[in-house]
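Counting in our numbering, the sequence shown runs from 1 upward without gaps.
Hint data in this document are derived by calculation from the structure and do not stem from the laboratory.
Since no wrong hints were added, every one of them can be taken at face value.
Derived pair list, reagent style DSSO-like, types lysine-lysine, alpha-carbon separation capped at 30 angstroms:
hint	residue 1	residue 2
1	K498	K330
2	K217	K282
3	K494	K330
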Amino acid sequence: AARRLARAADAESYYQAGMERLAGRIAPDAPDGRSFEPPEHAFASDLDLFGPQSLFALVNMARTSAGQGTVAAWLLAAADRDEVLARQVAVAELGAAVELREELWRAAGAVGRDVKSSALEAWLSSPARPVSTATRLGVFAVGLLGLGAVLALMAGMLAPALLGLGAVALVARRFRAQVANVGHAAQSRADELDAVAALAALVERSSFTSPRLVVLKRALGSEGQSAHAVVTALQRRIGWFESRRNPFFALLTAPTLFGTQMAFAIEAWRARHGAVAAAWLKAIGELEALASLATFAFEHPSLPFPEIAPDDEGPLFHGRAVAHPLLPPKTRVANDVTLDPSHRLMLVTGSNMSGKSTYLRTIGVNAVLALAGAPVVASSLRLSRLQIGASLRTSDSLQAGVSRFFAEINRLRTIVTLCEETPLSLFLLDEILHGTNSEDRLAGGGALVRRLVERGAIGLCTTHDLALARIVDEIGPAARNVHFEDVISEGLIKFDYKLRTGVVERGNALALMKLVGLPV
Numbered sequence: 001a002a003r004r005l006a007r008a009a010d011a012e013s014y015y016q017a018g019m020e021r022l023a024g025r026i027a028p029d030a031p032d033g034r035s036f037e038p039p040e041h042a043f044a045s046d047l048d049l050f051g052p053q054s055l056f057a058l059v060n061m062a063r064t065s066a067g068q069g070t071v072a073a074w075l076l077a078a079a080d081r082d083e084v085l086a087r088q089v090a091v092a093e094l095g096a097a098v099e100l101r102e103e104l105w106r107a108a109g110a111v112g113r114d115v116k117s118s119a120l121e122a123w124l125s126s127p128a129r130p131v132s133t134a135t136r137l138g139v140f141a142v143g144l145l146g147l148g149a150v151l152a153l154m155a156g157m158l159a160p161a162l163l164g165l166g167a168v169a170l171v172a173r174r175f176r177a178q179v180a181n182v183g184h185a186a187q188s189r190a191d192e193l194d195a196v197a198a199l200a201a202l203v204e205r206s207s208f209t210s211p212r213l214v215v216l217k218r219a220l221g222s223e224g225q226s227a228h229a230v231v232t233a234l235q236r237r238i239g240w241f242e243s244r245r246n247p248f249f250a251l252l253t254a255p256t257l258f259g260t261q262m263a264f265a266i267e268a269w270r271a272r273h274g275a276v277a278a279a280w281l282k283a284i285g286e287l288e289a290l291a292s293l294a295t296f297a298f299e300h301p302s303l304p305f306p307e308i309a310p311d312d313e314g315p316l317f318h319g320r321a322v323a324h325p326l327l328p329p330k331t332r333v334a335n336d337v338t339l340d341p342s343h344r345l346m347l348v349t350g351s352n353m354s355g356k357s358t359y360l361r362t363i364g365v366n367a368v369l370a371l372a373g374a375p376v377v378a379s380s381l382r383l384s385r386l387q388i389g390a391s392l393r394t395s396d397s398l399q400a401g402v403s404r405f406f407a408e409i410n411r412l413r414t415i416v417t418l419c420e421e422t423p424l425s426l427f428l429l430d431e432i433l434h435g436t437n438s439e440d441r442l443a444g445g446g447a448l449v450r451r452l453v454e455r456g457a458i459g460l461c462t463t464h465d466l467a468l469a470r471i472v473d474e475i476g477p478a479a480r481n482v483h484f485e486d487v488i489s490e491g492l493i494k495f496d497y498k499l500r501t502g503v504v505e506r507g508n509a510l511a512l513m514k515l516v517g518l519p520v
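Sequences are here, hints too, so could you generate the full structure?
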């Protein structure tokens, strides 16, 4: 009954979280992935990859630490073209497998609760210390001698009994430290392995057609045996080994060196299967990551998979009706994007709150989704394998003694280095050099943007400084001005968040100040 109640509660949680996502919200208890965010990453903080209202919280359905780590890794680093295409095929297949994804989520929940995956992986992959076949046979023979000693003692033959038990004591003392080490390491492993075996059995019962899923299923095995069978064999050995702690059973196991023999058997298993068993956790994590993207695809059936262009076409991002996935579907506004070797720079002007920063994040987040293998929030998207560098959210640090301006120029240095190392780069610069005076901003910002374009990168730069918009004329046809604007009507400022060509003709700072009652 308790198990049925737990299963029902799991199902309710699964579907409730799905309903929240369909309504454009993220469940309050959804993992936020903050522990996976690297410090000083080129775009993770700028694009809200992690946190309570983040891309990770939206798409992640993994419950094991290995699965969540895989989702995070896919969001943080673009995969190559073949890898993205392989993930897309697997995601499409899993998207249609509704029951399998639910069962996987439930089984992975047991793993997430019961398995300390880092400790289990370390134990499985650490060097084993198996003994030779001759030693095992010798200990087995002494164990038989110990059994004979017990029988002799029961028959009143004291001398042979003492001789046999003395031999057993010597052998037990010889291997006592090794048995203790195995006992310490294997403690509680039975429950953890039971959860892993259950999840492996679920995968083994499933049929797949996409190459990536077939490979993952095949990876859950060792030397022709299924992971479930191999793990079950280890569970039996650990169970028998732990039984030596039973005081009644110990009366038989101690004289026969049964615990020592089971310790040898456990180490022999680790020597034979340990490395591949550690890889099972990684395979399970990858399957969870694919199921996460598949759930996102299933819940948004109108979203397309992007087309990934070959590297030799250069950097490009051609999007139609691109929108931000973290905004509610009913209210988000979509815009087009055209960036390629002939259109390298879009310089975005606009009034406060008109949508400039959101537009940059929209492009960046959809590039992250696309290159992770997920569908994108657009009517269509074709892009190359872009490396992203973003400066949208820099802040000062009292602890590090770093001002906001210094933090920004450090980030800009990172972006320049990225664009110099690879031509397939996308830069996203919001209010470039806003922490300095207009003269320095014009000179420094103009030089930086020209450098990025000259290095072959594509990207966008927003600014309130209309003088900076003139660099478009200096760069030539590869650059263009676009803008967002607002309408002031009946004392209210309204935004349509639609992208327009050209430079914005006015700002709204004074109007906003008047609306809040400032004397301007």
